[in-house]
Amino acid sequence: MRHLPCGSEHPAHHGHLAVLFRSSQVIACAFTIVGTLATAEMTLAQPAGPPSTSSVSSGSIFGASGTMLLSQFANPALVGSLYLTPQWPMTGYYSIFPGGLSEALPGNGVLVGPIRLHPHMGVAQMYTDNVFRTNNNKTSDFLTTLSPGIQARLPFGGFHSFVIDYRTNLQYYSRTTSNNVQDQTALGAVKFRFPGGLNIDLQGAHKLGHDPRGSAVDNVNTQRLGVNKWTADGFTGHAEYFGAQSSVGLFLETLRWKYLNNDQGPIRDRLTNRADLMFSRNVTDTMSLRATVGAQQSIYDQNKNLDNVIYTFSGGATWNVSEVTSGEILVGYQHVQFSRAQVNQPPPLSRFFRDKDTYGNLYVMGKLNWQATPFLRLTLQLYRAIQQTVASGSLFYTATGVNLTASQAVFDRTTFNLNLGYERDKFQGFSSDGTTSASDRSEDLRNVAVGLNYQAVKWVGVGAQYIFEDRRSTLAQFTYQANTFMLFAQTLF
311 MRHLPCGSEH PAHHGHLAVL FRSSQVIACA FTIVGTLATA EMTLAQPAGP
361 PSTSSVSSGS IFGASGTMLL SQFANPALVG SLYLTPQWPM TGYYSIFPGG
411 LSEALPGNGV LVGPIRLHPH MGVAQMYTDN VFRTNNNKTS DFLTTLSPGI
461 QARLPFGGFH SFVIDYRTNL QYYSRTTSNN VQDQTALGAV KFRFPGGLNI
511 DLQGAHKLGH DPRGSAVDNV NTQRLGVNKW TADGFTGHAE YFGAQSSVGL
561 FLETLRWKYL NNDQGPIRDR LTNRADLMFS RNVTDTMSLR ATVGAQQSIY
611 DQNKNLDNVI YTFSGGATWN VSEVTSGEIL VGYQHVQFSR AQVNQPPPLS
661 RFFRDKDTYG NLYVMGKLNW QATPFLRLTL QLYRAIQQTV ASGSLFYTAT
711 GVNLTASQAV FDRTTFNLNL GYERDKFQGF SSDGTTSASD RSEDLRNVAV
761 GLNYQAVKWV GVGAQYIFED RRSTLAQFTY QANTFMLFAQ TLF
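Its first residue numbered 311, the sequence shown is counted upward by one per residue in my numbering.
Straight-line Cα separation of at most 30 Å, DSSO-like style, residue types lysine-lysine; simulated pairs:
id: 1; residue 1: K736; residue 2: K614
id: 2; residue 1: K614; residue 2: K539
id: 3; residue 1: K736; residue 2: K539
id: 4; residue 1: K736; residue 2: K568
id: 5; residue 1: K539; residue 2: K448
id: 6; residue 1: K568; residue 2: K539
id: 7; residue 1: K666; residue 2: K736
id: 8; residue 1: K736; residue 2: K448
id: 9; residue 1: K666; residue 2: K614
id: 10; residue 1: K666; residue 2: K568
id: 11; residue 1: K568; residue 2: K614
Hints listed in this document are in silico derivations from the structure and should not be mistaken for laboratory results.
Whenever a hint applies, use it, and build me the whole structure from the sequences.
What follows is the structure, given as structure tokens:
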């Protein structure tokens, strides 16, 4: 996620589903596609129910669906390179963007009365030859990342639990101190697991984060300033019912974004809402069919030309033919509907101008897993989805990509990881003087990552990773190459 988990955003009525979001400024509703991991690792207790293929949220194909807002997060290795943070051996990548549900950390933890604590600490030393992700005048730098955190779980009422999770991502640069960040995430969640097959997750979270250099939301005009920083406060709810052969799930989320520096607030401060309705039906013991409908809504405080709703409709299947092969696929259509008539806005909002009020796009999300040998696992991910960004006057972009991940167990405690990724981004926008600007922008992103993880003992893991990024854009200022090296260690109790 992961993740996965979003993004990654709602008006009110679609079919028989009506969802009401209330804030100090707006009443909004929405529906958008999401898949959230519902494995044993993510649930403290799973009641007896239908096979896993019946779960409408048991898939993991959410990387580019809007859950995490940036399509590049579909590639796990690129997450670490853009954010200059490793894939921690015990807890995975730091939860960069808001969205998604909290996961129960593995292991027994430390039992304090009825509460199970999981304290953890990560330390990484890194080097990159292009810290600002620029085309010219590259700057190299060394940095240190510290990631302390703690999770507390309190079971109650049998299968239910209450979770508090706090994590940090502290980065200190040797030469370019303007890149220093102190990301923090604090959340509280209640997880209900009812014996009849109903699961309910409720979560509130506060996050202090930043836009990574080289990502689609990184504004080229701020490349030599401090990174864009923001806060996001939100609520997430997920309910799913498992029947004998079918299941239905509903996912709701509302987020308030506030940007803190570089004059990004007038452009990007907003309320985002989303809701998803998902259905699944078993057709065989190894396959289920799925249908999803959803929308994500963005309501900007000042940049009203960007107010919009993205509707997503898709259908597909998930299958688990054997212990060797499994997969999932969703294919559908996305429709962007801008909410307000086009108006002339003062600078800097005048950069965001459109030539029409609606846009459409083919939507694809797929994943294939193959256990080639007892020690080698391959995963192929395909995606095509609309991604929202407000960089350089663009309205949004369409991302089409593929990722191949391989994990090979070398020795009992050592794993070799390889990731190959390619993505094609096509930006949509229109300048206020009537000439195309962002619409002329398209990019090809290629990346390669190789690494080793070693499990020294049960509660300590170490690793090393090298990542190469190559972004080639029709606008020269967005083109760059970067090499990143990481050494890291983490302990988790």
